[in-house]
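Listed below, chain by chain, are the residues.
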Amino acid sequence: MYRYLIVLLVMLLPFEVFAINAEDVMKKSQAAFLYQGKDFKARVIMKLISKGGQERTRELTMLRKNFGEAGGAQKFFMYFFQPADVKDMTFMVYKYPAKDDDRWLFIPAINMVRRIAAQDKTSSFVGSDFTYEDVSGRDIQDDTHAILKEEKLGARDCYVVKSTPKKGDVDYAHKLSWVDKGNFLPLKEEYYDKKGELSRVFTADEIKIIKGFPTITKRMMKNLLSGHRTEVTYSKADYNIGIEDSLFSERYLKQPPKKWIE
Amino acid sequence: MNNPFYKGHCEASAPSPASCGETREFRLNPAWSRVYLLLLFFVLCFPPSIYAADVSIHGFFQGNYSLGSRANPDGGDFKWAEERVQIRLDASKEPFRLFLKTDAFYDHIDEKAQIELREGYIDHVEKKWDLRAGRQIITWGLGDLIFINDVFPKDYEAFFSGRPLEYMKKGVDAVKLGAYPEFAAFEFIVIPIFEPNNYTNEKRFYMFDPMPGVTNRGEKDPPSNLENTEFALRAYRDIAGFDAAIYLYRGFYRKPYMIPDDINSTTKITYHYPKLSVYGASLQGRALDGVLSLEAGYYDSRQDSSGTDYTVPNSQTKFLIGYQRQLWEDFTIGLQFYNEYMHDYSGYKKNQPSGLPKDKKLYQLATVRLTQMLMHQTLKLSLFSFYSTSDGDYMLNPEIKYNFSDHIWAAIGANVFGGGEKWSQFGQLDKNDNIYLQARYEF
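Protein chains in written order, with this note's numbering: chain Y, 1 to 262; chain W, 1001 to 1443.
FYI, nobody ran anything at the bench for these hints, they're computed from the structure. It is possible that some hints are incorrect.
[Said to hold, decoys possible] Restricting the straight-line Cα-Cα distance to at most 25 Å, the calculated cross-link-like pairs of lysine-lysine (DSS-like) are: (1) Y/259 / Y/28; (2) Y/254 / W/1360; (3) Y/121 / Y/28; (4) W/1112 / Y/258; (5) W/1093 / Y/259.
[Claimed, not checked] Some chain W residues well away from chain Y (every beta-carbon gap over 12 Å; in silico): (6) 1112; (7) 1118; (8) 1245; (9) 1261; (10) 1279; (11) 1315; (12) 1344; (13) 1374; (14) 1384; (15) 1394.
A virtual CB, placed ideally from N, CA and C, is assigned to each residue, including glycine.
For reference, chain W alone in the conformation it holds in the complex:
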């Protein structure tokens, strides 16, 4: 079933599945439904002229299908197969703005239709500060599919299943305060309700599981209370032509780690999300005829400061260097090199139970992104590749996207995994190669 003994490498490449059994879904819970319906009612019932708000509605219809190179663990052929409609409603009347992004979809694999509130928030904007309250997508840091200071929830299943990239980011229910004094800009975020990452579903994806015989599995989320409220702060400004930022986060790992009831004869596994603080910084600017990015972060694993508890990851230092350059017309290359250093490695090595895979002290990952636009930028050929120089595994994602008109585009691509060990990040996904189609009509 699930694998998460696996200590987290760079989040981007962590395919370990989330919560036991049920894939966690990011859908409207009843409380939110009520708020949402109320908002929708409020907006739709009054014609714009009455309260002089500026209202716009946009969205898309989309088909998205991903076919595996071999049958799924449950016998199915498709990793993803759905039709979807998205409606984005934007209403503003200064200093307020309301934004609702709602998806409705039919999933052919589980044969169910659902509505999902992807974002829904209210903005209040003043000259020197602003406030955003509600479900929102937050993206921090500089990495291209490698996340150090982007501590917000992600959907890796979406990424590995060939869904449009925007579905890799999940919204969080949060309040964000922006402050903009002269000397720097600040974003302060409060997240009262914990939201984990979503990982691949074990019915659709083959994954490494160190204890396949244990079927009794449970999950323990951090309870929502004042003590568990997550805080994140980002401060940024220009320093000598470079975009500089520092980041602070106090909350939890969004990847589940498992606690066996008895390591020698396990009958039950409980998944938990250990406490985490992150201290990071980044710098980005023009250099060497391109754009150079540097990002670093210290992951303080607060529940295992000595690195001896095998159910909690050790503290780590993560570092990323990236470089992007246009080599000729409409052709861009992006390179990244990522390092992850595990602290208290001797404690980890000594305490990691035998029979479980051991991480290296230094994990390294390189990425290459090539993008060529053609035909007046309506045809896009791209290739993204991960290769771990320490583990020897890889992922390749070639894609062709064509805009048939100003409203219709389609993309076909593939996700190919391999190399490394049967428990390594991409190595364990070896049997999950897939080709995908995305087609969208936007309005």
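With the rest of the complex left out, here is chain Y:
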């Protein structure tokens, strides 16, 4: 009888008392990294820097709205300022859990919206070292997760989680993530290729609290094999700004409202 009572009491204790499991760490990390707020807006500047130091700039406004819980459906709207040959282009993504995205691109020179076929897994986002998946997230269920250890990264206590893709649908064999125990943001990620070599490294280089949400405002992805890296800065980041559902439509792809893209 006492045995059952103890089990019951234990079950009523707050979850944190137990060592959190790896999948929950990654779920919380996904929520903190990609699903904060009802919606989100930022001016994104990406610097693509080659090994030799040649720099190219991609500048866009990114708008995101959640439709459901963390891990659920999201819609993205992007408006490009730079480079000059893609100025005024807009790009829209409907992201679904466990299903391929829908994507549309608007080409202003011929006033045409067209769906584009692209796969998230390995496609580079606008030529950068980030893949689409790095930008908009990967389904937690696509990987098996294990906490390898807990350690400090700088001054922050982290879980170090190893995520191994269940299918060979990506160009890495596994990933190590340093997830901040406090805010669950990924502070560092290491991608290992199929030969076991470290191929790409992600670092969160600046974190700001915006409307109460810890937000990575500077990040970098470095490809160790090519020496190419991409530095990303978010400015004018904001949450819960009341983006209407109607923004994510062909109408506004063709005529992006100034109030959202500026």
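With chain Y fixed as given, assemble chain W onto it according to the hints.
Chain W only, in chain Y's frame:
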């Protein structure tokens, strides 16, 4: 000189030249010049701060040259050779927006400099509707260089001469009303002034002409009046994850058809643009790990409902299926298959004058587009090809484009034509193979 006995296949591959003699130019007429100058004055004379508008100016400098594999009919070597500057002015103050896209260029072949208003319109945007008035580029339908429900004017000369693809679309002077109720979105377009397609220039391109001896040629445009005002409607919405649209159009063929004064001993040919209505639909969505597109249209040739008048095309049903998929990183393949079925074919066969080429009842065209991006998407290798499975002719367009920096890019490519008959779509362009260079500095 010109060929347009040729009944229209898919518009994309219709190289028949336009209006007799003079290539029709799409330039500022005096009335538009005045409106344009007034607008420009209005925008430039007042510093933005005075009326608190948001003004931006962008554009490019461009060199564009296309060298033929053999001398042109008039002896020249180049199909295209020009330097061009484009200025895009965008000024907005909600709920209004003004957009002007103006090109100035120097054409080395005809040795002339010109200004061209490519687009110039005013937008008024409200929550549930918007209005765009002025010269605008409108693109409808799903085809990749195959147009069924895109009934708006095009410039095939630009396409066959190796100009950047955006120059294949011409603006129309029109009013567009957009309405966005909950259940669907609508675009309703009114075009008061008829604008035909532009086809290849007979001085620069070899083309089939069934009556090369007839030099007296004239053109008859539909006069601009209320009765001839063109209307186009597109309604679209999402249906189960697919983008669905229906299209209606009432206006004219934009390709000229010829009327000989006497078919047995022709001394004069008059080109005209027969009346046309189009009823169409399209569906596009994710399928088979890619994007699947379906589009169909019924072309109702209103001046020849029985199909017996050889100076007017017969009614047709057009159908397109397309599929696009990314096979590996930054490599995409696009496939299309197009069918064009001629109605009242027996009437056509009986009435088509002897000595003139006869179209098949069913015209078929397949296209393949391959695109590989490399070097962080700064280098693009692409190949577009048309092959008509019914006529046996083809066009190939390989291209390499490289972005040297965020502001400078250049592309070199080729247009290669052949196969089929001397009057078929691409077959007649056999002697017009060309290689081209496009180089642009954008700001």
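*Just pull the numbers of the violated hints for me, sorted ascending.*
As far as the earlier hints go, 1, 2, 4, 7, 8 and 13 are violated by this structure, in ascending order.
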